[in-house]
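**Student:** Taking this note's numbering, the leading residue of the sequence shown gets 18, the next gets one more, and so forth.
In case anyone wonders, no lab produced these hints; they're calculated from the structure.
It cannot be assumed that every hint is accurate.
Claimed, not checked - With a cut-off of at most 27 Å between alpha-carbon atoms, the simulated BS3-like pairs for lysine-lysine come out as follows:
# : residue 1 : residue 2
1 : 83        : 99
2 : 80        : 99
3 : 97        : 80
To be verified - Per label pair, the in silico range of CB-to-CB distance:
#  : residue 1 : residue 2 : range
4  : 26        : 61        : 48 to 56 Å
5  : 69        : 25        : 42 to 50 Å
6  : 76        : 100       : 30 to 38 Å
7  : 101       : 28        : 29 to 37 Å
8  : 20        : 97        : 41 to 49 Å
9  : 90        : 24        : 22 to 30 Å
10 : 95        : 24        : 28 to 36 Å
11 : 29        : 60        : 38 to 46 Å
12 : 46        : 26        : 28 to 36 Å
13 : 23        : 46        : 37 to 45 Å
14 : 92        : 21        : 33 to 41 Å
15 : 77        : 98        : 22 to 30 Å
16 : 100       : 35        : 29 to 37 Å
All of these numbers come straight from a predicted model, not from anything done at the bench.
Backbone N, C-alpha and C define an ideal beta-carbon position, used for all residues, glycine too.
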Amino acid sequence: MQPRRLTPFHRALHRPQQIMGGERELMLFSMLIAVGLIVSAMNFVATIIGLIIWFVCVQGLRKMAKSDPEMSKVYIRQLKYKHYYGPFSRPFRMANSPRIH
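Kindly produce the complete structure, drawing on both the sequences and the hints.
**Tutor:** See below:
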């Protein structure tokens, strides 16, 4: 019997796309919203509010990415499949809805 073949698993090929510890698309979108607020108002108060909004978003997105690096994609996929799977608490529960058999 031959020994098992070992295949190298390169981490760079399977790493999620993140910026500053958060999901890439959401982090860039939060930056865009904050910069849009700052540039459109062009005053000190809007700058402070925009930075506060951005820092809150960064902390939330980092916490979200720590739990699951692709959480927004999982949530969007779950929304697509909600018509296929009914909300059951147990596997053998009888459905009261006429559309679920």
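**Student:** Would you list, in rising numerical order, the hints stated earlier that this structure does not obey?
**Tutor:** Per hint list: zero violations.
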